[in-house]
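Each chain, letter by letter, is given below.
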Amino acid sequence: MNKLPVQRRDVIKAILLATTAPWVMQSKGAFASSCDNIVRLGATYSPDSMNPFATWSSFWPTVFTYDYLVAVDAQRHSDRKGFAKEWSVADDNLTWTFKIWPGMKWSDGKSATARDAAFTYNYLRDSIGKPDELNAGWNSVDDGLKNVKSIIALDDETLQIVTKEPTRWPLDNTILIVPEHIWEDISYADARSTFRNDPPLVGTGPMIVSEFQQGQFVRLTPNPYFRNGQPETAGLILHHFDTADPIAQGLKSGALAFGLGLTAAQWADLSKDPNIQVGESRIEQRNWLAFNCASGQGEGSTKALQDPAFRDAIGYAIDQKTIVERAFRRHADPGVGLVYPAASDYYSDLSDIRRHFDLAEAGRRLDAAGYRDTNGDGVREDKEGKRFQLELIAGTRGGNLQIPIAAVQLIAGWLGQIGIPVSVTQLEPGALSARAAAPAKGGGGWDLLVSNDWGSPAPASLLRLGNRALIGGQNQSYWINDNFNQILSEVQVTIDLKKSQELVDQAARLIYTEAPYIMLCYPFLLQAHRKDCFEGWGTEDFIWSYFPVDRLRSK
Amino acid sequence: MTEVVAGPRRHVRLRATKEFFSRLFERVGAWVGVAALAFFLILAAIPGPIVGPLETAATASGDFLTPPDSQHILGTDEVGRDVLNVVVHGARISLTIALIATVISLIVGTTVGITSGYYGGRVDVWLMRLTDFFFIVPSFVLALVIAPVFVEVIGRGREVLGFRTSLFVIVVVIGLTSWAFVARLIRSQTLSLRERPFVDRARVAGSSDLSIMIRHVLPNLVPQIAANGALVVAGAIYTETALSFIGLGDPVQPSWGTLLSLAQQAGAASAGAWWYLGAPGACVLTVSLAFVLLGNALDDTFNPRRRAIP
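Quick mapping for you: the protein sequence lines, in order, are chains A and B. In terms of our numbering, the first sequence opens at residue 1 and continues consecutively. In terms of our numbering, the second sequence opens at residue 556 and continues consecutively.
No lab work stands behind these hints: they were computed from the structure. One thing to keep in mind: the hints can contain errors.
[Claimed, not checked] Examples of chain B residues lying across from chain A (beta carbon under 7 Å, computed):
no., residue
1, 611
2, 612
3, 613
4, 619
5, 633
6, 634
7, 821
8, 822
9, 824
10, 825
11, 826
[Said to hold, decoys possible] Some chain A residues close to chain B (C-beta under 8 Å, calculated; not the full set):
no., residue
12, 248
13, 329
14, 402
15, 405
Every residue gets a Cβ at the ideal spot worked out from N, C-alpha and C, and that includes glycine.
Same shape as in the complex, but just chain A:
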């Protein structure tokens, strides 16, 4: 009788063991055998829909399925092409002709022609000015599209785009080409919101989205009709995580073959693993400190923020080199001007007008501009006699690489040393976009903002931080300058690279001297992949196209 409880316990133990054992063994199996010719990727963002017209967040799976017409990678790399095989522009710099791959097919077997490309562009263009204008996602109406006069398919293999003013937009745009036979029945209202574009998708890219579990994973299968031949791998699974920790762990254990968005600590740790190859690539992200330049509605706590001399002086108190070394562990280029090094055609280090880090110089310049510490309490006063106490808000927009809090600590420390105390608030993306919205939409009221943006190598994107039309959107300092906008509108209608470079340089110098932004750094994208199962990983530019999922082979 006394032995009964023990026996009962044994029975329960046995039952527990029996029920968990298969699960444990199964999960072990799932993690151990990653060499099953399925490429597993990990990333820290989460698409909410597969409809590129309705969301910005589905970029990574959909870019494997849909093609651009040309865009960034096809101009940089001869072995990565989009929907168009080749292209040319007429002497008037207005008429562009694109040759589409002959005999190309959508993944459902229907032929993919210039008509599909024309349909996609016109679908967007025809929505301009309508209540349901398509401006809610990756495929959005932009300034370039408004500059277009006509987009027509001359025949199945020839697309013609005629623009009103000369522009490189027909090459640079990143609109994903979707099949006409699927999208022709979708109304604008549905396309920008409720239509989820459920898998399986129909595209011309190497990997087709075939299953989507929101917040968990996207499964992609090889496109049998891909123009360079069906990819050799059996498929691809893109896992979504909230943090980078499971990605690093997944790479170590072999559950993932490739991971993006690692932290510096994880990257350093993974680089010691013999099975893992780490890499870093320059991207079009820039991290900056913005001043609230608005006057009137939405202005900051002091008028000094509107004074270029004040902002310039602060520029001497920011040490980009230390930020790169301490906060980014050298996984970034130190910040200079608007142009990131990834846009190599336009980058300049502005060495002749560049500010250098010197706290004493910053102090002298503040004194000279009239921001002195008159009562000797260690804190400067502005011209109205009010003590400085600036509010710094910091946050990262969704999808961008995080700014380490150490960078903000450094900035707050330096400003404190020159007699400008700063209080720091970290904001999550939702709160950030509410506070950094245009003053007319209830934003503003802050003094300093540490944040970032991720653009493209096109001039319009490089210069958008100062574009008055984008106040509260991409122009986060609310800075307005007529000269700058004049240059900007000129750049947008310039095709000649040399001329365009000159204009960008002019604009970059103008905004550097006026200093509504202090560039902190241009961070690198840290990634790692396992060496044991697949080969064919390239080394650079992972982010702009389907590369390298079209050429991976199992070892």
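Following the hints, put chain B in place on chain A, whose structure we already have.
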């Protein structure tokens, strides 16, 4: 005359206190709790002489995420700060937040509890419905909602009672969300106390309601308040850690929760930097365990029913 009366009374009190402490320290839990608390209070009181001034990203000298060695006993963090240094400085912030939040919580809870129990009737009903609200809503979720609103209302950048706003907000929010169960306990005790003869006697002698509550009821509630206060502190430390962990703390003044949050953001767990996650984690665990042990010991000592059972 007063001298003659006060002498023996003081004597009696002294003896009662002595007896109380000797009974309290019969329990191992009390010893462990008090020792751990004393240790952390010393850290919090004088962090400077122990580990030097707070290191920031600007003054950090170490390498990145180095494991513990002779120079950095607890290793370094992702910007090269000494983890021991930031953890000791974090003690001050975490404990201050927890203790002040507890004081707020006890004051609110006791006031509501005594008022409700003493007056009864409609006052009781309304105050208890209010208490029920704070009881039912999970305090962490409530804190999560209130914190940003508070920051918005108070405004940032100013110092309130010597705290930066963001810390002050955490203090107030924890204080205002953790008083409900104190109020319930105090009310129930007051219900029984107000029927005692000494309350009637005071009333007959002409004492006002307020005076009865403060001078006659409140002193009899001290055991309950003390025992529960210790438990509230433990909860407050957890809440503070959790709020800071999800980024509502002050990123420049590191509390233990903020440190855990920074460690997580830096990917310390997957990079194998156990010292960075472990040090603040162990501190949170030790301090809240200490408060719970002490609270239980106090409860055991005060509570005659639990004392009766050996």
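Taking the earlier hints as the rules, which of them does this structure contradict? none
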